[in-house]
Amino acid sequence: MNQNRVDEYRRNFMTTLGGVAAVAAVVPSFVLQTAHAAGEVAAKPVDQAVTNAKRWGMLIDVTKLTDGGAGMVAACKKEHGWGDEAHSADTQKAHWARVVKVTDKLTQNSFSLPVMCQHCENPPCVDVCPTGASMKRADGIVQVNKHICIGCRYCMMACPYKARSFVHEALQDQKPHSPRGMGTVESCNMCVHRIDAGKLPACVEAAPDAVIFGDLNDPNSAVSQAMKTIGGKQIRADLGLNTGVRYHGI
Amino acid sequence: MASQAIIFRETKDSKGFYILLAVLGAFLALGALAFFHAEHHGHHVTGMTNQVVWGLPHVFAIGLIVAASGALNVGSIGTVFGKKIYQPMGRLSALLAISLLVGGLIVLVLDLGHPDRLIVAMTTYNFKSIFAWNIILYNGFLALSAVYIWTMMDRKVKKFYKLAGVAAFTWRLILTTGTGSIFGFLVARDFYNSAVMAPLFIVMSFAMGLAVFILVLHFAYTWTGRPLGDVVMNRLRYLLAVFIGGVLLLEGARHFTGLYIAQKAGVENFILFDGGIYTQLFWVGQIMLGSLLPLSLIFCRKLANNRVALLLAALFTIVGGFAQLYVILIGGQAYPLVLFPGAEVSSDFFDGVINAYEPSIWELMLGLGGVALTLFMVTIGVKVLRFLPDSLSDAVADPHSK
Amino acid sequence: MTSKFSSVFLAATLAFATLLAGCSKAPTEADLNLATAKAKADQCVEPESVIRTKHMDLLMHQRDATMIEGIRTKQHSLKECINCHVSTTKQDGTPLHYGDKEHFCTTCHAAVGQKIDCFQCHADRPQTDDPNYQHTVGSTAGHHFTQGVTAAAAPTAAEVQMVTQPQQGAAK
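Residue numbers (numbering that gives the first Met the number 0), protein chains in the order written: chain H, 0 to 249; chain L, 0 to 401; chain R, 0 to 171.
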């Protein structure tokens with residue numbers, strides 16, 4: 000047996016250990032799901048394709064967000080580096096997520112919530128994209144494959160949530176884990192790079208008491224259990240898009 | 000009077016031809032400049048934003064594309080419906096259709112965020128997307144129109160003339176249905192999501208395409224000193240009136256439906272009553288200047304056989320068509336998306352506010368470049384191939400008219 | 000066809016074609032600044048000859064696998080190419096970007112006139128806040144080959160013990 004092979008085993012073994020550690024770390028959130036732990040992501044082997052066995056989603060409890068979600072938005076901005084386009088006007092700057100204040104016209108009841116890509120089961124942006132750049136991954140994550148995005152912006156016309164932005168200028172020094180560039184459309188991708196590494200999305204991590212993240216297909220996951228108990232409303236439920244981002248308290 | 004044969008001939012070499020090419024060339028150069036400017040710096044140099052994502056270039060592009068399918072109608076009336084008086088104009092009709100479509104597509108393509116990836120758009124299709132279908136429809140339209148011209152120009156394939164004409168006519172109806180459905184399929188926006196968009200775009204294409212054809216026909220004949228009689232022009236004149244009436248009918252149906260459905264009432268009230276520039280463009284641009292004025296010019300008895308009145312009617316029909324497209328495209332996007340019906344919303348990303356849009360000079364230059372390309376292609380076309388009959392005087396066009 | 004116009008048209012087309020033809024000239028090895036590339040050639044994820052001729056195919060394959068299927072193996076990852084081959088700054092301390100002649104990718108691509116748009120979106124240099132960004136290829140901290148891959152044959156108990164004994168402190 001040569002040294003390379005030993006190295007290989009060593010690495011494999013450590014990965015397995017890492018996986019065990021990750022599972023151990025999430026066990027409390029199974030037990031204490033009523034305590035609104037932020038949820039769980041099981042690490043996926045890097046060489047295996049995602050499947051539709053899982054569907055990632057989150058429940059945002061608006062009543063527990065003291066800042067209306069501003070902290071979540073800030074975490075997203077830090078993670079992906081959007082919004083600081085120097086040449087673009089304010090109306091042209093990217094916004095992957097924003098805090099929307101809602102006031103009912105009749106009752107004057109008011110609340111704030113973070114709005115980003117809702118990761119629909121039937122996403123209009125995916126239907127309209129001519130090249131298939133706007134795509135839904137097998138595990139329910141809706142994202143833009145910028146390699147084949149031609150920048151036609153039809154998806155932005157189609158999205159009911161205004162979740163998408165067009166990059167209006169050349170960029171440099173992007174985050175290595177979050178490529179984004181001129182002439183393509185972009186949006187929240189649920190921090191797909193973190194999920195694939197077994198980590199929670201940045202916004203979920205920023206608001207662990209108000210957001211539960213997890214597998215919507217698994218009836219026993221913390222997020223499914225929480226939704227079963229307190230419900231999970233959709234924005235524009237009338238459109239029948241079956242969103243993966245759900246809210247409590249709207 | 001004995002009937003005279005229709006003889007097709009290329010236009011003659013003249014100073015005017017080169018002057019026209021030079022003028023169009025200048026606009027083409029400006030369009031190219033605008034493209035390279037936006038391509039190099041990114042779309043932040045345009046007036047388009049993350050709220051109004053489609054701007055003036057799209058108004059030009061869709062206007063030209065819509066007019067393209069309409070311009071083919073003149074030929075189709077001759078071929079498909081057997082009206083002999085229209086048949087000599089079939090070649091020009093198809094040439095104009097191809098040129099308008101290419102002019103519109105070039106604007107659409109050059110405004111993409113990644114025009115360099117056109118090959119991706121041509122090879123990677125998402126068949127659920129009406130946009131992808133449109134790419135196929137556009138290419139097919141170009142091919143069918145070319146074949147149609149071929150059957151008109153080459154005696155050897157004359158037997159396919161009727162077949163090619165019917166195929167092109169059918170295809171163009173599907174094409175405009177597709178163009179209208181680009182908007183009709185947008186579930187998110189209350190101003191768009193309606194099946195009426197498809198027939199509306201078809202009847203718009205009838206009107207705009209014919210108006211463009213009338214102008215091109217007139218100037219092609221007067222600038223080359225060829226006779227063009229009132230028989231032909233009066234046929235086109237009353238046809239134009241019918242098409243304008245058709246647009247008004249479907250626009251009326253669309254807006255009344257919108258006002259009736261509570262969900263759409265907000266955006267309808269915005270466009271029709273308090274939308275500022277969009278309301279003005281609708282009432283003054285589209286309805287008064289673009290519809291009622293051309294109708295009066297056409298039907299005013301004192302202006303019967305008056306060529307200038309017809310040309311003005313055609314011009315204002317085009318103006319009205321562009322005003323209509325501007326209201327549909329920009330006005331529809333200016334009105335904010337409704338996230339929470341019945342509630343006021345606000346954010347730092349322009350939720351709940353009317354979105355501003357001010358087209359930049361670059362967008363105008365790009366759009367005019369597309370128009371220039373269309374006219375450039377027509378000018379070269381009639382020069383190098385036999386598109387235009389030598390004469391369309393009353394005696395030639397309709398021997399039984401007198 | 001009128002002769003005057005067609006001759007003008009033909010002449011213009013010919014002139015343009017000549018202009019285009021004059022632009023192509025195959026570069027020789029002397030034109031390329033391959034010093035940075037050669038420095039790490041023997042440690043690369045593939046033999047030099049494979050990398051030279053196939054890197055675009057490897058990257059293209061990896062790009063679709065990662066984007067669409069979420070496969071994030073590191074052997075053919077563009078990010079890892081950058082981590083290993085590109086330094087964050089030039090000699091004078093200013094940021095090094097694609098397009099600068101010292102940039103690993105530019106050295107060849109500029110000379111062969113091959114335009115790429117990878118770096119319109121992707122970071123063209125390693126993230127600077129990680130001091131160990133330029134890892135040693137094949138090291139335990141490394142990103143290459145089979146880390147995290149499940150498909151490899153399972154080690155025997157003896158082998159595991161041999162491998163893990165000296166590493167226990169590091170494992171977590």
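Because the hints were derived from the structure by calculation, they are not lab data.
For every residue, glycine included, the Cβ atom is placed at its ideal position computed from N, Cα and C.
There's no promise every hint is true.
Said to hold, decoys possible - These stretches of chain H come out as covered by chain R in the derived footprint (C-beta under 8 Å, 3 or more residues): (1) 40 to 48; (2) 150 to 164; (3) 167 to 177; (4) 232 to 239.
As the list claims (entries may be wrong) - Label-pair ranges, simulated between beta-carbon atoms: (5) Asp-99/R x Asn-138/L: 54 to 64 Å; (6) Lys-63/H x Gln-90/R: 49 to 59 Å; (7) Gly-15/L x Gly-98/R: 21 to 31 Å; (8) Lys-53/R x Thr-50/H: 41 to 51 Å; (9) Pro-94/R x Val-195/L: 23 to 33 Å.
How the hints compare with the structure:
With a threshold of 8 Å between beta carbons, the proposed coverage of the stretch 40 to 48 of chain H by chain R holds, since 6 of its residues qualify and at least three are required. A stretch counts as covered by a chain when three or more of its residues have a beta carbon under 8 Å from one of that chain; for the stretch 150 to 164 of chain H and chain R the count is 0, and the coverage is violated. Note: the stretch 167 to 177 of chain H has 8 residues with beta-carbon separation from chain R under 8 Å; the three-residue rule is met and the coverage holds. Requiring three or more residues with a Cβ within less than 8 Å of a Cβ of chain R, the coverage given for the stretch 232 to 239 of chain H is violated, as only 0 such residues are present.
Between Asp-99/R and Asn-138/L the CB atoms are about 41 Å apart, so this pair departs from the stated range of 54 to 64 Å. Range check, Lys-63/H to Gln-90/R: Cβ separation about 52 Å, and the 49 to 59 Å hint holds. Range check, Gly-15/L to Gly-98/R: Cβ separation about 48 Å, and the 21 to 31 Å hint is violated. A C-beta distance of roughly 29 Å is found between Lys-53/R and Thr-50/H, which places it outside the suggested range of 41 to 51 Å.
Here the CB-CB span from Pro-94/R to Val-195/L is close to 55 Å, at odds with the stated 23 to 33 Å.
In the structure shown, a violation is registered for the earlier hints numbered 2, 4, 5, 7, 8, 9, in ascending order.
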